[in-house]
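J.: What follows is the residue order along each chain.
2 protein chains.
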Amino acid sequence: MQSLPFPFPVVQWQDDRVVLIDQTLLPGKLEFRRCGDIPSLCRAIVELAVRGAPAIGVAAAYGLALSWDLNRKTGRSLGRIYEAFEVDRAALAATRPTAVNLFWALDRLGKLVENLVAAGDRDAVEIGAALLAEADCVLAEDIAMCRALGQAGQELLSDTATVLTHCNAGGLATGGYGTALGVVFAAKEAGKNISVYADETRPLLQGARLTAWELADQGIDVTLLCDSAAATVLRQGKIDAVITGADRIAANGDSANKIGTYPLAVLAHRHGVPFYIAAPDSTFDPHTPDGDGIRIEERDPEEVVQFHGQLAAPPGVAAYNPAFDVTPAELITAIITDKGVFRPPYVSSLRALGPGLEPK
Amino acid sequence: MQSLPFPFPVVQWQDDRVVLIDQTLLPGKLEFRRCGDIPSLCRAIVELAVRGAPAIGVAAAYGLALSWDLNRKTGRSLGRIYEAFEVDRAALAATRPTAVNLFWALDRLGKLVENLVAAGDRDAVEIGAALLAEADCVLAEDIAMCRALGQAGQELLSDTATVLTHCNAGGLATGGYGTALGVVFAAKEAGKNISVYADETRPLLQGARLTAWELADQGIDVTLLCDSAAATVLRQGKIDAVITGADRIAANGDSANKIGTYPLAVLAHRHGVPFYIAAPDSTFDPHTPDGDGIRIEERDPEEVVQFHGQLAAPPGVAAYNPAFDVTPAELITAIITDKGVFRPPYVSSLRALGPGLEPK
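Going down the list, the protein sequences come from chains A and B.
In this note's numbering, each residue carries its 1-based index in the first sequence increased by 5.
In this note's numbering, each residue carries its 1-based index in the second sequence increased by 5.
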């Protein structure tokens, strides 16, 4: 397979399109999905061609630049372009409910346009250029945040640490560098010899398909596990740290992440292994006081009933398929961010993330 | 699909062959595998065409009857038949290492032959008939044990209980009635309205393929879950009891069962949900003092990396595939047996199972 530059080109702006690594095809095929309109980008998000909270945020930012660009080219008035932009913004907001980064990016570019339109001194071309520059900025900031986060996190790892991770909080889940795996990449850059156990992460196998792929691609020792075998390696004392990403972190530190994260945190706690959440600023949601306020997406039961497109259960059997669970703050040893490593009690320590992230 | 009688005809003796429901083909196809020699029966056990500790015990018992029958028909002397029988007995013993029922059945029929040969007053035909009668007895006893176990266990469930189970400890895992699912079937026979959440049970999806199939076949409400979503339904308070089978129970109550049972017990404990092991006598191993002495089978990493021949991970990726884990006695609320329900401390309570099951 064609090798990729690193940080991975997860989301790019090319020839007036949003170009994504099609993650539904990995690890079998490395192909790019070129989204030339908002419906195709929404589809890419819903179908998980791009997934991972920070990567969705970046894709949504470029999506708004695309929306403006397409509507501007129709020769409409600024008012009409803005109306259409708001419709597209709502469509992008409706794709996935849990990842806060999506709404964060849509808000950020939405407010930029709102301000520029209200100021009244820019034309549609200039506003489009500002939007694209802002999307570029969202991407560049994400990579910089992941590098800072990785650096802060790698200091928690010994020279020969073994890390257990769940799902894919890697380069592919972000602008290219990764959060949980960003810590691993940063440790490698610091000369450490890190090994990783990767949960395969049913139902969609992001661990098997994506985490194993990108770690192997970067020359890091990786061993795949069924999700239910993680308890065994924790009990065997093979794991020095569990590190996962997060899709939304409430004001008290409760963290929503891929289904299966919560039981992993319970097991890590039982076996005295530190459990870390690695996430950039944009994952924090100070408006949600605790995990009870986080809406959990339920996905199609077919994802459970099928395995890689093949029917694994009797036809017509019911299935329950929550996409995320919430790990209570009490089980999280620390939250690794680009602003440093935060420890409990999170309700006070997380306020240091900045005024914008204080509870309102 | 053709409907089956209940208890399910998991292992039968037909036309001088051991006939098995081929569980590798369920739920897509209901086919019987006819084993006319020991290598094909060993293959059926290794390939999991027959699986589940009690069912393996029954298959091994009929396997020894088959061995004697085949060797007797060659016209060899009694001594030579016995030698060949012992070779076949060793081959059957080498198929799977964890399920104690396999060794229990091989010992039981082995000792019968040893005694009959030593007594010197039976010919090869008579010994063959005694062996086949003994195998029939192992099967009949298993069904009777499962019925008794189911009856004892169903008394622990309310009229509208929701049960969570892992893997398949059902009719298909036994002589036809089931252990963990035997409790559910007995509750249904007692007029209770039981619902079941079934973990799909990676890597081989016995929950999706077998448990969902046999519960649906028996008209019991079943909802399939990814293994890592079990923590969520436990936390949501949807589960009244977790019930699993066991492959081997040590003298202190530590219980080996399908990988993923241990984390389920930890989660049940955290959420105050009773965790029950359901197993017949033959699963108890008084010679193993605790879980540390239970050998855990490691199976082919390909089971994790592939599914139905489809690659789910990058080629060449390493995988760790322990087939079982050990749930410590402290997490087991009770052990449901055909002799009643046993509570901690198991090291003393389990002795009531009988003189043969006391530690030696």
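If you're looking for bench data, these hints aren't it; they were derived computationally from the structure.
Bear in mind the structure is a predicted one, so any value in this text is a computation, not a measurement.
Where is the CB? At the ideal position from N, CA and C, for every residue including glycine.
It is possible that part of the hints are untrue.
Partial pick of chain B residues on the chain A-facing surface, computed with a CB cut under 10 Å [said to hold, decoys possible]:
| # | residue |
| --- | --- |
| 1 | 230 |
| 2 | 305 |
| 3 | 357 |
| 4 | 358 |
With beta-carbon atoms standing in for the labels, derived distance ranges [as the list claims (entries may be wrong)]:
| # | chain 1 | residue 1 | chain 2 | residue 2 | range |
| --- | --- | --- | --- | --- | --- |
| 5 | B | 298 | A | 39 | 53 to 61 Å |
| 6 | A | 10 | B | 48 | 42 to 50 Å |
| 7 | A | 34 | B | 78 | 39 to 47 Å |
J.: Report the numbers of all earlier hints that the structure fails to satisfy, in ascending order.
T.: 2, 3, 4 and 7
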